[in-house]
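Join the two chains, each given in its own frame, into one complex according to the hints.
Protein sequence lines, in the order shown, are assigned to chains A and B.
Following UniProt numbering, the numbering of the first sequence begins with 1 at its first residue and continues without gaps.
Following UniProt numbering, the numbering of the second sequence begins with 1 at its first residue and continues without gaps.
Derived from the structure by calculation, the hints contain no laboratory data.
Some clues are possibly wrong.
Unchecked claim - Listed next, the stretches of chain A that the computed footprint assigns to chain B, with coverage defined by at least 3 CB atoms under 8 Å from CB atoms of chain B:
hint, stretch
1, 195-201
2, 214-227
3, 246-256
Said to hold, decoys possible - As a list, the in silico DSS-like pairs of lysine-lysine whose alpha-carbon atoms are at most 25 Å apart:
hint, chain 1, residue 1, chain 2, residue 2
4, A, K214, B, K52
5, B, K22, A, K215
6, B, K52, A, K215
7, A, K215, B, K115
8, A, K215, B, K122
9, A, K228, B, K59
10, B, K115, A, K214
11, B, K82, A, K228
12, A, K217, B, K114
13, A, K228, B, K114
14, B, K59, A, K215
15, A, K214, B, K114
16, B, K52, A, K217
Where a beta carbon is used, it is the ideal one built from N, C-alpha and C, also for glycine.
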Amino acid sequence: MLESLVSLESMSLSSMDVSVLERLKWLQQQQQQQQQQQQQQVLSSTNASPELLQFHGTNNDELLQNTFSHFQMLRSGFGPNYSMGFGPSHEPMDGCISRTNSCQMDQADTVGVMLKNSEENIAFSLKSKRKSEVKTRAEEKTEKKIKVEAETESNMKVKSNLSNTEASSETSKQTSKGASEIQKLDYIHVRARRGQATDRHSLAERARREKISKKMKYLQDLVPGCNKVTGRAGMLDEIINYVQSLQRQVEFLSMKLAVLNPELELAMEDLSVKQFQAYFTNLPVLVASKPSLMVDAPLFPLDQQGSLDLSVINPNQATSIEAPSASWETQSQSLYNTSSLGFQY
Amino acid sequence: MERQIINKRKRVFSLQEKKNPKAVFARRYVNHLVPALSKINMNKPSSQINSKTFEQTVKHEVDMALALSAREFAWSRFLQHKLLSPPHEDPSYSPKILETSICKQDGTEGAEIKKKLEELQKLVPGGEEMNMEEILSEVGSYIVCLELQMIVLKSLVQDNIS
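Here chain B stands alone, though its shape is the one from the complex (with noise of 0.2 Å):
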């Protein structure tokens, strides 16, 4: 925890790089997605650039680098899993119904942070399964990859372009 702290205000490199979480998290995610991104390179035919189905596949791609990189959490299992299994509709779709001992004292209010939960619950993967302390927890360690994934992204990108 402190180290996570340290790591927040300042920047920390320490001398055994393989420990420092993020790091750990940045070098996992690149080289899932290097290879997989010259792999879907290699492997399509040139007419399919800037496709639909092509910039899927990226996405996917980057989804599961993302999912694979940060396997200590429940969140990227879920999304794991959602992204191996063939993509389907779902019209039953049920949010787990969050535990509404959420109670504060006024009822509207609660009402409101329920409805903000329900919509927390769509955004984080495997959401619909947690309860509320679930959620709070999983929010943050995925609000920490996804800004990681995103410099990465970004200096992938910026490589390229330079």
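In isolation and in its complexed conformation, chain A is listed as follows (with noise of 0.2 Å):
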């Protein structure tokens, strides 16, 4: 029976060329590999055959709305027993179904294969906490998104397994027909792309690249007048210049803070309206005034900077703050009042 499913499969493969189909065929062989003894004990019980014919009989939509209620029911339950009777042999089983769908017609190959990445991908996320279930299933799922698992999750192995996951997600659009021996039982899931090395070390250090490299673009969209630069060293560059202003900025406005403090009048109930205040007002102000910092930045060395921005930020906040701080205040105490927090300019 199962000789019939790979000749099934076999034919129809040699008209596509879809990537997703090998990986997917080459996962559910691995796993029929690894619980061949299962399936064997289960598949001389009579009843396997019929059920399988059936799926082979029935048409495509069928087939699709199979495998979407089985990963639907993956995503309620984990571990369901599906409706059809098996009890241990519920991989094999899956397997089967979703080869034989995907084997079927294109349209409703990549219709599938979308829905399937997208149930996927939501299950995969509630997954990520289960990390028992997670190692089997991990050779299951090889499409993921799950950038916000990898930048929240503080586990470091499942921070791998995530990252990896991410970058086989990548790199799955290329066909990886000789690559694709790299499968381990442990959390490191990577496809390599044609033509790069597959061994164990190579893999791990592009996982860890893609990682730094994703972290980089997030600091490049904080840092401003990073898009500018290109390359790694220019943007560590920005960004060390960034922050070295910006402590400079704030031990200037300490030292500022410190002369004036004994002039302090600070009532609690004025401070928490200042405060909205000026995290209201000031975020505007502050966003305007960086050009000004870029400006100044390659004036680096100077130790007038400090003093220098501050000049250029004050006119833009006396400006801003004058005319609506009038009104402000006796708004902003009903603003605080209530719950709710309008920004009105």
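Structure below.
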């Protein structure tokens, strides 16, 4: 019975050239190799073959729906006992279903794959919390977009797994015929591109590099003016400059605060009002003053830098604060008291 | 993550003001700094105004406020530790060697990058103990908190000038 499935797939494979297909096929092959014994035990039962044949005979939509519902069940509960009546052989059955589904026609295949991907994304994001299941499931799922998980997970192992699968999602577009032998049972799960080394070290390195480049991209968004510079060294330069300028400004401001400190009149409720005032009004100011910061950045070694910045910034602040400040204080009290904060210019 | 992106692009004011991380930081910061400043004000004799130690104390409080308002990040713990422990000169200053697997294709650029990363290590509190990836993740949050700190300080200064 298995042979019939394999033959069916090989026939349709020759006509198609979808990399996803190959990967799926390879995955399921591996799975079945692992669970060969289980299969043989189960397949001896008589109800196996008629059900499989049934799936063979159905048309695309039904198969699609079956896989879709299959993944929905995955999402709802882990270890679903699918209604086919197979207990232990659930996994190979899934493999069979998805394989036959993907074997059929192009459109259905791509749609099915897309569906599967979106479902897998959701399913995987849930699964990433349960490591014991991830181990077996990780081999099934290959395409993920889990930037959220990768950013927030503190566990290094899961991190490597997630980032690796993300790496694999990026490389999934390219065919990987010979390179697909790197599947390991542990968390490292990266697909090699065509013509690249596939030993464990280079894969791990590549995963690391992709993580690092992702972080650099995030920093690029954060630091103003990083877009124009290309290359890691230039960006690092910009980042260093920016951090230094921020730190210097903080120092300058704290010195100024120390000077003014004796005259501080701080009532607490005033303060919360003013804090929000500052928060709201200074945000646009800070954004507007960033160009001035960046213009000054090349003049970095100059020691008047701090005062230069502030003198540039202050007029901006003054103009933007003066106008709304009068009405702001009366309004901001009410703003603060009510729970809804609307930004009113 | 999406929330952060939204916060960056447009100003989001939610009904639940407590959840907005920037507002949380700002509130914590001010709540720590202002009482500390007024305490400094009260405790010191008036002759000490504008002396070096006074400025240092204020700076200390400013840094402490930063460290306490951003407890979720590793650099804040390092900063706090550095502030709490008595200031000591570290002659045996040895930054943790950055892993050399930054290796890009050209070796010369790798050396440059390494130098820059070492500089960055010195800037970020606790950077000496982090390897490359950790630094990159910590630097992002450090930058954001520095910016927020600047906003608060500017507003404090501004309010007291006018």
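So, against the hints stated earlier in the document, which numbers end up violated here?
Violated hints: 1, 4, 6, 9, 11, 14, 16; rest satisfied.
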